[in-house]
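*Asks:* Sequence:
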Amino acid sequence: MAPGSGRDVTLLRALAWMTMGSLLLSAMNALMRLMTLQMDSMQAQFLRYVFAIVVMLPVMVPSALRHGWIIYRPKNIPGQFWRGAVHAAALGVFFMALPHLPLADTTALSFTTPLWVMIGAVMFLRERVSGGQWLAAAVGFSGTLVVVWPQLGSGAGSPGWSLVMLLSCPLFAASILITKALTRQDSPAVITAWQAITVTLFSAPLALMVWEPPTARQWFTLLLCGVLGSSAHYCMTKALSLAKASTMQTVRFLDLVWASFFGALLFAQWPTLNAWVGGLIIVASTAWITHRESRRRQ
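Residues in the sequence shown are numbered from 1 upward in steps of one, following the working numbering.
Because the hints were derived from the structure by calculation, they are not lab data. Bear in mind the structure is a predicted one, so any value in this text is a computation, not a measurement. If a hint is listed, it holds; no wrong ones were tucked in.
Only pairs whose alpha carbons sit at most 30 Å apart, straight line, appear in this in silico DSS-like list of lysine-lysine: (1) LYS75 to LYS238; (2) LYS238 to LYS180; (3) LYS180 to LYS75.
Can you make the complete structure from the sequences, with help from the hints?
*Replies:* Below, the structure written as structure tokens:
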């Protein structure tokens, strides 16, 4: 085997895992948009995480029987609940805006989350950021204006819902930063399990207030969302275990490809040129920032 060929194969495997994860997550978001058009977004969010727990049980139960349920007890219980509260709030805002926007626009706007992570790391974790990274962040945020400008400029569409969707991004970033802090004490398996548990608990009161009995088709669709979501996170975690996060950032633009495909297939929504251009600007800037951060840590 030629020198470097082993690394090339590993990189290709990582890209394949990330591509599959991106496809599965986009499929889940498309089905969740379908559900939020048929039921209240809070009920859809609650049931999505109920089924996330159901999907994880076949993995959790055998492990707990061998080692005891104590292995899933977090060392930082308050932190887990804070993370769950913030993540539930982010999901609530996300699913509230989801039925009002094209999937491609939703995906492009969600690309700003890594930029908010950078800002949060500076404010709360006291991490240092170079002038070039700030410039790249400014370029990335300009990409969001490209996406929403047709709505803001002409008064058409739903500019208010675009801003609501953008509000979910700093909340998701806060969840990521809390998760980063939790990894110092708890394992990924514990954090993943408690995310599902706490989001379900925080979503339950609002879901029960608007509860309507789901149909058999809706039950099946939400179960499928649980399978797709859990599988997507597994694929992405597998990809990140094989390659650098900075390398994987460029694959995120495929999210826009998949979102455009499912938007056209399920909702007859075709992505605009602004969604493509804005999404490319945001992905390019976040990939550059992540690459610089990776080099700095090395």
